[in-house]
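Student: Sequence:
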Amino acid sequence: MLLLSSGALVANGPRSRAPPGHTLEDVGGTSFERRVLGEVVRVVDRAAPWVVGLAVAVLSIVLPSPGRALEEVADPGRILFSVACGAAAWAGRRWRWPLVVLGAVACVHYAQWHVLTVATYYVVTAAPRRRLVPLYVVAATALVAGRAVLAPPDDGWSLEGVGGDLVWAVVLPLVVGLWVGARRQVLAGLRERAERLEREQEARAEQARAQERTRIAREMHDVVAHRVSLIVLHAGALEVSAPDERTAAEIAGIRAAGRDALASLRETLGVLRTQKSPDGLAPPPSLADLDRLLGQSRSAGLRVRRRDEGDPKPVPEAAQRAAYRVVQEALTNIHKHVGECNVDVVLRYGPGELEVTVHNAPPAGARPAEPPPGSGLGLLGLRERVSLLGGRLRTSSSQEGGFTVTARIPAEHVGEPA
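Everything in the sequence shown is counted per the UniProt record's numbering, starting at 1 for the first residue and increasing by one.
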């Protein structure tokens, strides 16, 4: 029975596994070549401990001692024992007591060092490091006891012979097993580090994608939505003053299409935009483009006046973009919710900061009966944009119906948000 257990112990050696997170796609070549190569590697990896274990088990039957002749292999009993060792190797996958079996193998097979050597190596590579000292003590003690108790009287037992057995059957496989185990730990650490770096790289890529989605969403809101809103407002004004019903109907169709486009744009912005995402890079609108923006609003019916206060100084591009977006969003909201009115745009250049104020008076006539749909992200985007520069955005309304947007933007900031 102990002989069968030795075959089970040897066959139950540690199997190397593919590192987690790696697949056959990591191997070069075509898809078919990767599948074939991966299958061959798996078969060899799975069969290696079985082949070694069965070979040692058969050798323990065929060569019970170094001087045994090979012609005795034909003994039916030995063939039967070899088959039993093969069955024990298959059952050894569920063996729970490798140290006990190792001790038994050391006691019985004291003369068959090849069995004990391979068994010791497999147990060393599989056992935790805290069990190596008990492992060494068990194997060495069992070997010495077996040699002393079971050796024939005329065997010439001596301490020198036991020392040689200890070197070949215990010390040598112990050292080799420690080296193999340490190498496996190093490889496992390298695999873990590579997987961690891969996860970090994927996280950075996902963050970059989120930033790009946020940049696209903001530019669509700031540029496209603003222009489409102006188209809808112009179409509404033309519809009222159309010379005939046919022209009015065509203009109404244009206005309805523009409103549908704004609604679709709002849905798209909701998909693209992620809250609290950092800004990406942006196109370069600046204060030099402000007069053109004000001219577009004047042509849409607003009475816009611009006033610059203080000593104009060079302003960083990031601060210019933020100031432009503040004015643009404020004018867009006035078009949507107020209609024709007086609007004052004031730029105050102070020491180290730029203050932008957009104030609209109460509407001169009726408010728009059906304002164009918006994205709902305008003021939120402005606050984020200004706060990223270290500034503040404040809004207030008056009892008469006026509304004021004020942004204080540091003019010495070096950041470049979208």
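Careful: at least some of the hints might be erroneous.
To be verified - Each pair of labels, with its calculated beta carbon distance range:
| no. | residue 1 | residue 2 | range |
| --- | --- | --- | --- |
| 1 | G295 | G253 | 24 to 34 Å |
| 2 | S299 | E202 | 42 to 52 Å |
| 3 | D289 | V240 | 41 to 51 Å |
| 4 | S264 | R196 | 20 to 30 Å |
| 5 | R292 | E250 | 45 to 55 Å |
| 6 | H337 | S264 | 12 to 22 Å |
| 7 | R392 | V186 | 50 to 60 Å |
| 8 | R306 | E202 | 41 to 51 Å |
| 9 | G310 | T395 | 32 to 42 Å |
| 10 | G352 | A249 | 48 to 58 Å |
| 11 | Q185 | I216 | 42 to 52 Å |
| 12 | R303 | V240 | 32 to 42 Å |
| 13 | R196 | R348 | 24 to 34 Å |
I should point out that these hints are in silico values taken from the structure, not numbers from a laboratory.
Just so you know, these numbers come straight off a predicted model, no measurement behind them.
Ideal Cβ placement from N, Cα and C applies to all residues, glycine included.
Student: Take the hints in turn and mark each one as holding or not.
Tutor: Evaluated hints:
G295 and G253 have their C-beta atoms about 27 Å apart, which keeps the hinted 24 to 34 Å range intact. As the Cβ distance of S299 to E202 is approximately 49 Å, the hint placing it in 42 to 52 Å holds. The supplied range of 41 to 51 Å is broken by D289 and V240, whose beta-carbon atoms lie about 30 Å from each other. At about 42 Å, the beta-carbon gap between S264 and R196 misses the expected band of 20 to 30 Å.
For the pair R292 and E250, the supplied restraint of 45 to 55 Å is violated, since their beta-carbon distance comes to about 29 Å. In this structure the hint that H337 and S264 lie 12 to 22 Å apart at CB holds, the actual value being about 21 Å. A C-beta distance of roughly 54 Å is found between R392 and V186, which places it inside the suggested range of 50 to 60 Å. In this structure the supplied range 41 to 51 Å holds for R306 paired with E202, their Cβ-Cβ distance being about 48 Å.
Remark: the range hint 32 to 42 Å for G310 to T395 is contradicted by a beta-carbon distance near 23 Å. A hinted range of 48 to 58 Å holds for the C-beta pair G352 and A249, which are about 56 Å apart. In this structure, Q185 and I216 meet the distance hint of 42 to 52 Å, their C-beta atoms being roughly 47 Å apart. In this structure the hint that R303 and V240 lie 32 to 42 Å apart at CB is violated, the actual value being about 19 Å.
Look at R196 against R348: about 51 Å separates their beta carbons, and that is not inside 24 to 34 Å.
Of the numbered hints listed earlier, those contradicted by the structure are 3, 4, 5, 9, 12 and 13.
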